[in-house]
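Peer 1: Heads up: the protein sequence lines correspond to chains A and B, in order.
The opening residue of the first sequence carries number 1 in the numbering used here; numbering runs sequentially from there.
The opening residue of the second sequence carries number 1001 in the numbering used here; numbering runs sequentially from there.
No lab work stands behind these hints: they were computed from the structure.
Treat the hints with caution; some may be incorrect.
What the hints assert, rightly or not - Cut-off 27 Å, straight-line C-alpha distance, at most; resulting in silico cross-link-like pairs (DSSO-like, lysine-lysine):
{"hint": "1", "chain 1": "A", "residue 1": "K68", "chain 2": "A", "residue 2": "K118"}
{"hint": "2", "chain 1": "A", "residue 1": "K53", "chain 2": "A", "residue 2": "K118"}
{"hint": "3", "chain 1": "A", "residue 1": "K114", "chain 2": "A", "residue 2": "K53"}
{"hint": "4", "chain 1": "A", "residue 1": "K114", "chain 2": "A", "residue 2": "K174"}
{"hint": "5", "chain 1": "B", "residue 1": "K1102", "chain 2": "A", "residue 2": "K68"}
{"hint": "6", "chain 1": "A", "residue 1": "K53", "chain 2": "B", "residue 2": "K1102"}
To be verified - Simulated coverage check for chain A against chain B, where a stretch passes if three residues somewhere in it have a Cβ under 8 Å from a Cβ of chain B:
{"hint": "7", "segment": "106 to 116"}
{"hint": "8", "segment": "133 to 142"}
{"hint": "9", "segment": "234 to 242"}
Claimed, not checked - Not the full set, but computed from the structure, chain B residues with beta-carbon under 10 Å of chain A:
{"hint": "10", "residue": "I1029"}
{"hint": "11", "residue": "Y1030"}
{"hint": "12", "residue": "L1035"}
{"hint": "13", "residue": "G1037"}
{"hint": "14", "residue": "L1072"}
{"hint": "15", "residue": "G1075"}
{"hint": "16", "residue": "V1141"}
{"hint": "17", "residue": "Q1142"}
{"hint": "18", "residue": "L1146"}
{"hint": "19", "residue": "A1149"}
{"hint": "20", "residue": "D1152"}
{"hint": "21", "residue": "F1153"}
Virtual Cβ for every residue (Gly too), placed ideally from N, Cα, C.
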Amino acid sequence: MTTPRRRSQQDLSVHKRQVENLQRRLLLKEMLSLGALGMLAGCDLQDGDAVDKVLWTMSRWNDRVQAKLFSRTRLAPTYEASRITRPFPFNAFYPEYDAPDIDGAAFRLQLSGKIDDKRAWTLADLRALPQSGQITRHICIEGWSAIGEWRGVAFRTFLERIGADMTARYVGFKCADKYYSSLDMETAMHPQTLLALDFGADPLPAEYGFPLKLRVPTKLGFKNPKHIAEIFVTNDYPGGYWEDQGYNWFSGV
Amino acid sequence: MPVHPLPIRVFHWLNAFAMTCMATSGWAIYNASPLFGFTFPAWATLGGWLGGAVAWHFAAMWLLAGNGLFYLAYGLASGHFRRRFLPLSPSGIMTDLLAALKFRLPHEAGTYNAVQRLLYILVLLLGVLAVASGLAIWKPVQLWWLSAAFGDFATARYVHFLAMAGIVGFVAVHLILVVLVPRSLLPMLTGRHSSSHEVSS
C-alpha cells in the first residue's frame, strides 16, 4: 500500500520541479520584456525612429481632441490681487541677462499674411486701443504655476482692427529673441487672449517680454510668446520653437 | 474555468505596460519641477527630455484610460468584481490581516482573501483618483470644476503625485508577493491552474 503512494509523491515532486522551472523561465522572460521597455526610454521625439513616429501621431491626435474640448466662452479662473505670485518667475530658453534690450520708441509691430491692413504699429498706437486687464494663472509645461497680472488689448479687438482673416487657421508670432510660436484661430479669438503691454501697473519689464507679450490663460506658458516683433495670419502650420522639437502644439489647459 | 479569464489577462498586461509608461514618464515630468526635496534618477524615467516625457505621458494615457474603462465595464457586467472582491467585512479583513502578518494566510489560486480584496479595491480607487487628478492638471480651465474639486491646479499636482505613490507602493508589494509565490505568475500568463495544493504566503 505504501509503494504506490510514495510513487505518486515522487511524480508530484518531479512535476512540481518542472512547473517551478517553467515559472522561473517565464519570470526571466518577463524581466527581459521590462528591459525592452527600458530600450524605449531612448525614444524622445528627436531621432525619427518608429516609436517616435507613433508619439508624433499621438501628439497630432491630442491636438484634435484638445481643439474639441476647447470652449470659446469658458473663462480661465481669475484671482484677487493678493494671490499674485511675487516675485513672478522668469522663464525662457536663455538666462535672464540675455533677455533682449528693445527701444520702445523705435519699436514697430510688423504684420503679414492674411491681414487687410498691414501697417506697422507703434506702442502708442496700441495704447490708444481699449485696454483691459486680468489676473490669471500662468501654467508651465514643467508643472509649476504662478499667478500674474497683465494689461493690454483684447487680441480679438486687435485682429478685428487690422482686418485679419478670421477664417484662417493659425495666428503666428515671431519674436525679437528668435522665439516663435503659433495659436489656433479659436484660441486667438478667446475673450481672455490678451496682447499685453503691462505687467501689473507698469509696462512689461524686459524679463517678462517688453514691449509686447501675448497672454493666453487657456494655454501652457510656452504658448505665451514674449518680445513679439511680428504677427501673421496663415493657413500653413507655423509650428513653434518648442513645438518643432516635440512639445504638443495645441497645449491647451 | 481558468484562474484568470482571458480578458482579465489581456487587461492586466496592457495595464502593466501603460502604467509603467505613465509612471516613468510622469517621474521625468516631476523632475522638471519637483514638489518635494528629491528627484527621480534619470535611468528610471521615460522620454529622454521633458518634451519626450510629456509625449509619452499623453500617448500612454489613452491606452491606460481605454484599457481601464473596458476593464471596469467587463468587471461590472460579467460579475467578476462581485465574485472576486465581495463579500468584504471588517472582521474578515482583521482575521486575514493577522494571519498574513504571521505568514499563515493560505494562497488559493483564483480566490482572494480579505486583505487582497481590500487592496485590489483600494488600488482601483487610487487608479480612478490618479486619472481624475491627472485630468484636473491637464485641463484646469476646460475642466475647471474637476480642478476645483482638488483645490486648484497646484494642489491637484500633489494629489496626482500621492495617487501615483500609492499605486507604485501597491505594485512593489504585488511584485514581492509574486517573487515569494512564483506559481501565482503562471495563471496570469496562461490562465491555467498550476499545482493545486496550498502554500502559506
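Peer 1: All hints are to be evaluated individually against the structure, with a verdict given for each.
Peer 2: Consistency of the hints with the structure:
1. K68(A) x K118(A): violated (31 Å)
2. K53(A) x K118(A): violated (39 Å)
3. K114(A) x K53(A): Violated, because 32 Å separates the two Cα atoms, which is more than 27 Å.
4. K114(A) x K174(A): holds (15 Å)
5. K1102(B) x K68(A): violated (55 Å)
6. K53(A) x K1102(B): violated (52 Å)
7. 106 to 116: Per the Cβ count (0), the hint is violated.
8. 133 to 142: holds (count 5)
9. 234 to 242: Per the Cβ count (1), the hint is violated.
10. I1029: holds (6 Å)
11. Y1030: holds (7 Å)
12. L1035: holds (8 Å)
13. G1037: Result: violated, 15 Å to nearest chain A Cβ.
14. L1072: violated (21 Å)
15. G1075: violated (24 Å)
16. V1141: holds (5 Å)
17. Q1142: Holds - the Cβ of Q1142(B) comes within 10 Å of chain A, reaching about 5 Å at its closest.
18. L1146: Where the cut-off is 10 Å and the nearest Cβ of chain A is about 12 Å from L1146(B), the hint is violated.
19. A1149: violated (13 Å)
20. D1152: holds (8 Å)
21. F1153: Cβ of F1153(B) sits 6 Å from chain A, so the hint holds.
Violated hints for the displayed structure, listed by number in ascending order: 1, 2, 3, 5, 6, 7, 9, 13, 14, 15, 18, 19.
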